[in-house]
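Student: With chain A held as given, fit chain B onto it using these hints.
Protein chains: 2
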Amino acid sequence: MTTLVIGANGQIGRQFCELAETAALPIRAMIRDAGQRAWFDERGIDTVVADLEGELRHAFDGCDQVIFTAGSGPHTGPDKTLMIDLFGAIRAIDLACERGLSRFLMVSAMRAEDPLEAPEKLRPYMAAKYAADAHLRASAVPHVILKPGRLIDQPASQRVATSLTETGGENSVSRANVAYALRHLVQSRDLIGREYVLLDGERPIAEALC
Amino acid sequence: MTTLVIGANGQIGRQFCELAETAALPIRAMIRDAGQRAWFDERGIDTVVADLEGELRHAFDGCDQVIFTAGSGPHTGPDKTLMIDLFGAIRAIDLACERGLSRFLMVSAMRAEDPLEAPEKLRPYMAAKYAADAHLRASAVPHVILKPGRLIDQPASQRVATSLTETGGENSVSRANVAYALRHLVQSRDLIGREYVLLDGERPIAEALC
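In order, the protein sequence lines correspond to chains A and B. According to numbering that gives the first Met the number 0, the first sequence is numbered sequentially starting from 0. According to numbering that gives the first Met the number 0, the second sequence is numbered sequentially starting from 0.
Be careful, since some hints might not be right.
Each pair may be met inside one copy or between any two copies, as identical chains are not told apart.
Unchecked claim - Below, in silico cross-link-like pairs of lysine to aspartate or glutamate (EDC-like), each with a Cα-Cα straight-line distance of 16 Å or less:
| no. | residue 1 | residue 2 |
| --- | --- | --- |
| 1 | LYS79 | GLU119 |
| 2 | LYS79 | GLU52 |
| 3 | LYS120 | GLU52 |
| 4 | LYS120 | ASP78 |
| 5 | LYS79 | ASP45 |
| 6 | LYS79 | ASP50 |
| 7 | LYS79 | GLU97 |
| 8 | LYS120 | ASP63 |
| 9 | LYS79 | ASP63 |
Note that these hints are calculated values from the structure, not bench results.
For reference, chain A alone in the conformation it holds in the complex (with noise of 0.2 Å):
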């Protein structure tokens, strides 16, 4: 019941695989080259070398479910939002279907429903995550869709919202808070079908994503 996380060397990556370590859960991180293999090699958390732009297939090797959090992130142009961000989560879910695998988990982003509503710089990356997510809903693998909302670096309050209205309009979740909800959604099994937004708030992460 292995789960492959695509994207571990990320910011929410890395944290979901230390607490999924500790957990005990078992995970494979998927790194783009051997060079980032030390951080996970110090926390005895299993790695792979595979390439949303190459080689890939071998990563899912033994795997039942896959975390798709990789980005293409604030660096790199929109070929790479293209490349990464679009293509390489379609060759993901493509492969998931394939493999007949249990679940696929994707990290989206809030609003990715309607890319012309966000602010005119995210439109681009928005309409990549529109797609990859009507890719996954169109695809035969079972599927949660969590959709964070603006990303902060804060410790893990651990207590979240689903929804603006919840949160007075406050629109930010920590990463931290964004790994506690992947380890929750990793281990609640039954959870097929889904789409949750994902703020900062209130409730415990167990309640809100049921």
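Tutor: Just chain B now, with coordinates in the frame of chain A:
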């Protein structure tokens, strides 16, 4: 039985519109702003002002099929590839489904089915086309996907091929031949669920695309 032409003001779009007008095929040319209207007015071609990144819905009124030949083109960046080639296509496909249109004719690109095999510079574009095509295939709207090779400016030979084997590896096709191919597809309403590579070649269009 009006065909909405999305991307009408593009190089293929204009040539197709002229052919359709000459053949008395009912079309509506979708243009982004009224300043593009004169060229169409001079030729007696009906237009509608609509925007793939804005108000779009009204353009579909009274139409029963769609040609999507819009492209952000080589003079804009991959942010526009995301907004036009990917998300604009997705919006048009979703509207075509919602309206129950009889067909969606997509102008894609040869090898869009394998973006990682394209030269590196073209990969983000091919990823967008891959995702748009996949969205169309997964949709409920009957469709045809046309995949031209490398586009060149030559007069229409009206002779085409549908594989590199057939051309001995020659990978180009004139925009004029693509326009003629679209005219043929618009008239051939029984063609559904087909995908064709399109190259300059030796066969009459009606024989190659059947």
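Student: It remains to establish, for every hint, whether it holds in the given structure.
Tutor: Going down the list of hints, with the structure as the test:
| no. | hint | result |
| --- | --- | --- |
| 1 | LYS79 / GLU119 | between (18 Å within a copy, 11 Å between copies) |
| 2 | LYS79 / GLU52 | within (10 Å within a copy, 21 Å between copies) |
| 3 | LYS120 / GLU52 | between (25 Å within a copy, 13 Å between copies) |
| 4 | LYS120 / ASP78 | both (14 Å within a copy, 9 Å between copies) |
| 5 | LYS79 / ASP45 | neither (27 Å within a copy, 39 Å between copies) |
| 6 | LYS79 / ASP50 | within (13 Å within a copy, 25 Å between copies) |
| 7 | LYS79 / GLU97 | neither (25 Å within a copy, 32 Å between copies) |
| 8 | LYS120 / ASP63 | neither (36 Å within a copy, 34 Å between copies) |
| 9 | LYS79 / ASP63 | neither (27 Å within a copy, 36 Å between copies) |
Checked against the numbered hints above, the structure violates hints 5, 7, 8 and 9; every other hint is satisfied.
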